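Listed below, chain by chain, are the residues.
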Amino acid sequence: MFSRRHFLTRTVQGSSLLALGSVVPEFLANTARAAEKAKDTILVVIEMTGGNDGLNTVIPYGDDLYHKYRPTLGYKKDQVMRLNDHLGLNPGMRGGFQQMWDKGQLAVVQGVGYPNPDRSHFESMDIWQSADPRRSIQSGWLGRSVNELQGQGGFVPILHVGSGRQPLAVQGTPGGAVSINDRQNFKLELGGGTADQQKARRKLLEELATPDGKSDDILQFVRLRQLRTMTSVERLHELLAKQNLRQNTLFGEGGVYGPNSLPMQLQLVANLIISGFGTRIFYVSIDGFDTHARQADPHRKLLGQVADGILNLFNALKNGGHDKRVLVMTFSEFGRRVQENGSNGTDHGAASSLFVAGPALKGGIVGEHPSLKDLDSGDLKHAIDFRRIYATLLDNWLQCDSKAVLGSKFEHVDALKPQKA
Amino acid sequence: MAVLTLPSLDTLDPKREWQAWQPDATQPWNRKWASHLYRRAAFGANLDELRMAEKRGVQSTLDLLLQGETGCDDLLPALLTAGQYTAASDQAAELRGWWLYCMLRSGHPLREKLTLFWHNHFATSIAKVHSALEMFQQNKLLREHALGRFGPFLLAISKDAAMLHWLDSNSNIKGKPNENYAREIMELFSLGVGNYTEKDIREAARAFTGWHTDSDGTGFEFNPRLHDDGAKTVLRQTGDWNGDDVVRILLQQPAAATFLVRKLYRFYVSETYNPSDRFLEPLAESFRKSDYDIAALVRRILSSRHFFSEYAFHQRIKSPVEFVLGAVRSVYREYGAKEKRQQPLTQQDLVRHIDAMGQVLFSPPNVKGWRGAQAWLNTATMLARDNFAQLLAMGTLWNNGRLPGGDDIEDEAVAHEVPAPTKPAAPPRPSDRPEEPAPAQAFDSARVVHEERASTAKDIVRVLLDLYLPGGVRPDAEARLIAFVAEGNPKGAALNRRVRETVHALLTMPEYQLA
Chain C
1 MFSRRHFLTR TVQGSSLLAL GSVVPEFLAN TARAAEKAKD TILVVIEMTG
51 GNDGLNTVIP YGDDLYHKYR PTLGYKKDQV MRLNDHLGLN PGMRGGFQQM
101 WDKGQLAVVQ GVGYPNPDRS HFESMDIWQS ADPRRSIQSG WLGRSVNELQ
151 GQGGFVPILH VGSGRQPLAV QGTPGGAVSI NDRQNFKLEL GGGTADQQKA
201 RRKLLEELAT PDGKSDDILQ FVRLRQLRTM TSVERLHELL AKQNLRQNTL
251 FGEGGVYGPN SLPMQLQLVA NLIISGFGTR IFYVSIDGFD THARQADPHR
301 KLLGQVADGI LNLFNALKNG GHDKRVLVMT FSEFGRRVQE NGSNGTDHGA
351 ASSLFVAGPA LKGGIVGEHP SLKDLDSGDL KHAIDFRRIY ATLLDNWLQC
401 DSKAVLGSKF EHVDALKPQK A
Chain R
1 MAVLTLPSLD TLDPKREWQA WQPDATQPWN RKWASHLYRR AAFGANLDEL
51 RMAEKRGVQS TLDLLLQGET GCDDLLPALL TAGQYTAASD QAAELRGWWL
101 YCMLRSGHPL REKLTLFWHN HFATSIAKVH SALEMFQQNK LLREHALGRF
151 GPFLLAISKD AAMLHWLDSN SNIKGKPNEN YAREIMELFS LGVGNYTEKD
201 IREAARAFTG WHTDSDGTGF EFNPRLHDDG AKTVLRQTGD WNGDDVVRIL
251 LQQPAAATFL VRKLYRFYVS ETYNPSDRFL EPLAESFRKS DYDIAALVRR
301 ILSSRHFFSE YAFHQRIKSP VEFVLGAVRS VYREYGAKEK RQQPLTQQDL
351 VRHIDAMGQV LFSPPNVKGW RGAQAWLNTA TMLARDNFAQ LLAMGTLWNN
401 GRLPGGDDIE DEAVAHEVPA PTKPAAPPRP SDRPEEPAPA QAFDSARVVH
451 EERASTAKDI VRVLLDLYLP GGVRPDAEAR LIAFVAEGNP KGAALNRRVR
501 ETVHALLTMP EYQLA
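Protein sequence lines correspond, in order, to chains C and R. Heads up, the first sequence is in my numbering, so the first residue is 1 and it goes up one at a time. Heads up, the second sequence is in my numbering, so the first residue is 1 and it goes up one at a time.
Isolated chain R, as found in the complex (with noise of 0.2 Å):
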């Protein structure tokens, strides 16, 4: 792929940038531009959606990632309950787990996106919070207000008992304010770093005085006699406010609808490129027109020329729940619930994994939330990824991942699928027998192989590619990965095993932790 050095963005006219993309014969709508879509609004794409949304065009699909698949409002109830039963047992790890079961089977995966965006923005931890109930309650809030106003959003975060909890609200009472709820709404929830002076925070503190946890400790509770009713004066405005002020007061600010597509900017386009405040200025102005409609931003920008453009195309770093969700979907298959092939995706098996890629869900490191981008990578979370690539593109990854006492079972059900080879197979050599038994056809990355029935190292890396890197590597990688399938010209287990080998090195390439 060639180099590209694109103008800077001052260049480019904002408004023309965030129009509607249409597709044309010089950018068409096609697998790259759907799996970039599919990356960005969920957490990849199977190899059945990527096919359908080719097929249906960039607006239906885009239709169908903001609504959800039909279902899933019914579904939704039911998954809650589930995980309220889940947060009861209060292990964090078994609620991870649970929020990794909605993002892969809710049928909402924007949704759970942008809840995970909003867990990050509104960054909360179980590390001081203590209670997985709470944490739970916090979740299905922002889930609740994921794609909705975020006027209603912010004071409903501003009373959450976790939040209240978190940053330190109930002892912040009249004559003894404690700034932490206070300084943090505008320096990261709301405005930004130089939207407010340190005297706004202290008199925001006392408008936030007096509002509690419950007797619970699990609600919200105004508690009159600790609040300080007095003048403040919140961002030039003075009167006797309270927390509905403040939060009233901080959304009339322009800045406020800046700095909240700066961060989805960030989120759902571009980690490398920093936009002016000009260049965001249209989706700023139909933000706060829209009186903060967040699901109206989010489809803006995604369907824009700029987000289907270089500027936006692999400019970000998955972060570890991306990886790991987006490489399970592409491996994984779902069969119907009554086939023998059929094998549950245990989302529990992914917690620790994602864990050690440094992001603990419900547990950020601090209010900022994780830094992103770059601070993604180091050494250890590097190597945390090529080694669960290694474990999921062998089908070593799963509990139930291996047929009961099936050696070399699944590699003859498809043997006959592959066209019989044109001369006989030399016996194999002892390095070429694999000695694992292979994985249960559901969790065989090799399978895609047989189900597109390529039979050369050209076709199998080409069917490879389209599936897991869509848009392309560099010409010399995949003459790489070509000799390597090719080498030793493997055939039956030993080229199953060899493709498995092949996608555990594509997982570890530096494009596949591209977002």
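Okay, chain C solo, but in the shape it has when bound (with noise of 0.2 Å):
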């Protein structure tokens, strides 16, 4: 396997850097700071990207309303995932969260979101990624919270797997998030010559992209993310390397996955949990939840997805007993209108429901669903602000001081406490 301390050799001694001394960034520092392997506690976080449909997430089947709002997209009692005799979960989650839900391995949480709730998906999703729901932090919660680490998970403690831009919520660590996808190879092209050449070339490129350790503007963060692009490169190269070798399609609820899938993604996840990598949060991302038309097939396909890729996910973990020391997250921007529109769809609403799951939980359903009765004007009420969720995971889960991270202190959501960490 190839340790820390071996990368370390290679690309950091190899370089300029460690002459660099003082102005070597404090990322790289870290670097050398060898976390104890295969103890840290993971999070990796979904985002269902577009407004996920809460109420045809999570279903009360049982609620005569539920069926009068929904005349065309409503679940019927035989039709869903039943959790109890009022609740149940969209079927196409049945194939990838029934045992789970079966061994007390899922949370399911109702009712979540803030208060004056935003319906534009760019705002409402910053609202979420930032944690701040007056909009004034410009930085990512996930990204805040490397700063307060114990184990900040070696040289990359943040990995955004995807091929699209970087979410905010990884933003604002030193030196920035990576991100990577399947279909990089991550080697960085010197143009041949010999050995020395290339050697003297990465020399140059490195040195020509060092912070001056005075300034604190555009210049100086796209210094800090080239250098983190060279220092990080080999070792991605070599990972993906072996990724490439055990590269496979899953099958599921959904057909089949092939590259770049949400389920695929979770593999690759898995994998580099496996082989030691180190990082103690990963972020993936799944699109296609904005559904104002036509939504009951695609959404229940996305649904499916996401629920294979986390069952696929924690049975790829278990080899080595990892699966324990990862908690899965899924979130999405807002949930959408109670009564569905004239296009068998539905329009942006307010609050929804998200998932928490993982070996390590207790499991059960957290939260009464929220009344179909009292509506705000056609939308769900929340009763759960969703930072009570992550602050929850913050102390409890990745032993992280939450009120660093959000700025106050937000009241736990004890049913989502691991139960053994």
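FYI, nobody ran anything at the bench for these hints, they're computed from the structure. Computed from a predicted model, the values in this text were never measured in an experiment. Note that CB positions come from ideal geometry on N, CA and C, so glycine has one too. Please note that a few of the clues may not be correct.
[What the hints assert, rightly or not] Lysine-lysine pairs mimicking BS3-like chemistry, simulated, CA-CA at most 27 Å apart:
| no. | chain 1 | residue 1 | chain 2 | residue 2 |
| --- | --- | --- | --- | --- |
| 1 | C | Lys-417 | C | Lys-324 |
| 2 | C | Lys-301 | R | Lys-368 |
| 3 | C | Lys-373 | R | Lys-174 |
[Unchecked claim] Per label pair, the in silico range of CB-to-CB distance:
| no. | chain 1 | residue 1 | chain 2 | residue 2 | range |
| --- | --- | --- | --- | --- | --- |
| 4 | C | Asp-414 | R | Gly-151 | 35 to 45 Å |
| 5 | C | His-237 | R | Lys-458 | 28 to 38 Å |
| 6 | R | Lys-55 | C | Asp-217 | 26 to 36 Å |
| 7 | C | Ala-404 | R | His-130 | 38 to 48 Å |
| 8 | R | Glu-310 | C | His-237 | 47 to 57 Å |
| 9 | R | Arg-31 | C | Ala-195 | 31 to 41 Å |
Two chains, two separate frames, one set of hints: put the complex together.
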């Protein structure tokens, strides 16, 4: 196995960085502090992009009002994956979630939101990702948490898997978060020549990107980002080269999952965890939840991908007992209007539901299903502020001070406290 | 370069900042500002354009950029016909290549740059529209209105087939409104968050009911049977409104001009400074008074003192399109059609690189467009830039970038232009021998050094910096580059290779990522 020390010898000592002394940024200094492998807890966050229809995810099938508001989209008692006499999950999630639910590895959190909900995708997504409904903080809650982590997880404390832009949630760490996807081979091309020539060129590139230690401007940002890239590509290249050998396709409710699908991205996360990569926080996303029209089929398949992907992740992690140190949290920027629209779809709404999953959890239903009688201009009202869930996971799972990350204390959600860490 | 800490924007006099800049002895018009203007208004300048701009002066350069080169109006119909054919093939990548061709060769890069701005403003993706033809039609519409008036533009985009599909307008019908377009036209296209209510959205959605695509699915059709002709109240105005009325009411809001000016500020001036409404008011006021004349606004911004100041210089991160086209325009040289050295620029080769850097044209991530600024750079996209820089600088990017079987022909051809060495060259060490044939002259990043007759390491670095990064880099970086060129005192083919390696390094420099 490729150890952190090995990485250091190969990448840092081999380059000009050691000679730079005081200007070596903090994130590289952290590289040298080897964290204890395979012991730290890990959080995987899944963004469900577009505003997931919470009412057709966690379904109050026993409520007549539900069927009144959802004449074409509503699921009947015999269709849902039943949780109890009143609630069930979207049938697309049965394949992935039934067995996790039965084993008590799934927490279904209902009525999640925040005061004065914003129904703009972008504003609300930023609110969830910055954890600041007033919109004055420009960094991400996960990015900020890295500064508070005890074991920072080696040279890449936080990793975004995906080919899209880097989410706000992971921003705000020194040196920036790392993004990877399985299409890239992560090789810095140095244009041939002898090993010595390549070394000289690499040294030049790194020196030209060296921060000057004085400024804090856009140029300094780019320098740090460039240096981070050049110092992490080799390790990523090795790891991903191994991934490709193991690459296969997965099957599930949503059909065959190809490269870049959520289940495959979660498989990559599993492989990285198993290989001792050291990252504490992973971020993946799945788009397509903005279901304004003809939503039934695509929505069910998307939820199928989420549930299948999570089940597969934990199955893969059982290899070596890593599943017990991983929790998954899903979220979406908002739920959707209670009344379906004229296009067999739903428009932007407010409160919604989310899932927390993992064997370390007690599991069960958390919170009351929001009332369908007492709506806020056609939308569900929230009972649980999403920052309470963040705070619970930060304090009790990642063991980092939630107040430092979120700006104030939030009451924990007891049901989400891990039973065995 | 010294670290500049500039006073906050609030301390500046907005009126003065937006006055036209007059170069003087303390801040002359020079290559730094000419290349700044070309980076922002167009897709960078090649060496000839930089020289020409320095001679013509700022006003005349701006005129050229705003009007386009002589003959560009005649070229446009042919470009559009080519686009129409390309779109008919329904290959999105081909359509991307076609647009890059327009950016590089239409003779009106400012118009194409602004078309790219509007593509990001009215961000529509082929991922949902599923039709290259509709995306092409929308692109044509964006270009037509790019320098026109915003009112007719906003109305036209509200009837554009790709937009109607993108934001679900066909399912917006009387009694069952779909709010998607009504929300985005307020939030993202005209007013910005905070300048309307949820109720305004619901009412405006009713006004747009019946605005659908026609039976072909590629044109607009008003369907009166599915239109809600009841009274609606949008932004405090009540009447039997339709979509035209909503557009009119939106543009009566003072917030509209401020919103658009702010977006153009970010595009043309700076991503790092966040100006107050007060600071933008002189621009917003004249934009309103001009009935939203976009060309006049763009001219005012690009000729202002503020634009030619350190508040703007290097205060943006290049988008992938800006990065790639700018670098290509600096490296490539076009010769006469009959000249043997002439090599066509195959823009299609650039598409996959720009995609890998995170800007898939015709496929923005969502209706808000690419987030831009710092979000352009993560490990994956940064590496894509670094590796593209390597391919371009070493001349291995192009399929046709090499002379057939031309081992070192090129190096011999340019070698005679170099002043004769004062002492006999040492026999090349094995490692100095390039293992790749030299790139064709048109694609050779080492060419400029010979054209400029630079022979010492210091002169070579000066020539390269004047082309790629005029306005300067840190003195220690310059010294480091000179040392790299001089190392081992390379000559002939080895020197050419060293120059290409230096260009690669320059293109990866953090400064070069800034626009």
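Tested hints:
1. Distance check on the hinted pair: Lys-417 of chain C and Lys-324 of chain C sit about 14 Å apart at the alpha-carbon level, within 27 Å; holds.
2. Restraint check for Lys-301 of chain C and Lys-368 of chain R: the C-alpha separation of about 25 Å stays at or below 27 Å, so the hint holds.
3. Proposed proximity of Lys-373 of chain C and Lys-174 of chain R is supported: the alpha carbons are some 26 Å apart, at most 27 Å.
4. A hinted range of 35 to 45 Å for the beta carbons of Asp-414 of chain C and Gly-151 of chain R is inconsistent with their spacing of about 57 Å.
5. Checked against the given bound of 28 to 38 Å, the beta carbons of His-237 of chain C and Lys-458 of chain R, roughly 36 Å apart, stay inside it.
6. Hint check: Lys-55 of chain R to Asp-217 of chain C, Cβ distance near 33 Å, so the stated range 26 to 36 Å holds.
7. In this structure, Ala-404 of chain C and His-130 of chain R meet the distance hint of 38 to 48 Å, their C-beta atoms being roughly 47 Å apart.
8. Distance hint for Glu-310 of chain R and His-237 of chain C: a CB-CB separation of about 39 Å, inconsistent with the stated range 47 to 57 Å.
9. At about 38 Å, the CB distance of Arg-31 of chain R to Ala-195 of chain C agrees with the hint of 31 to 41 Å.
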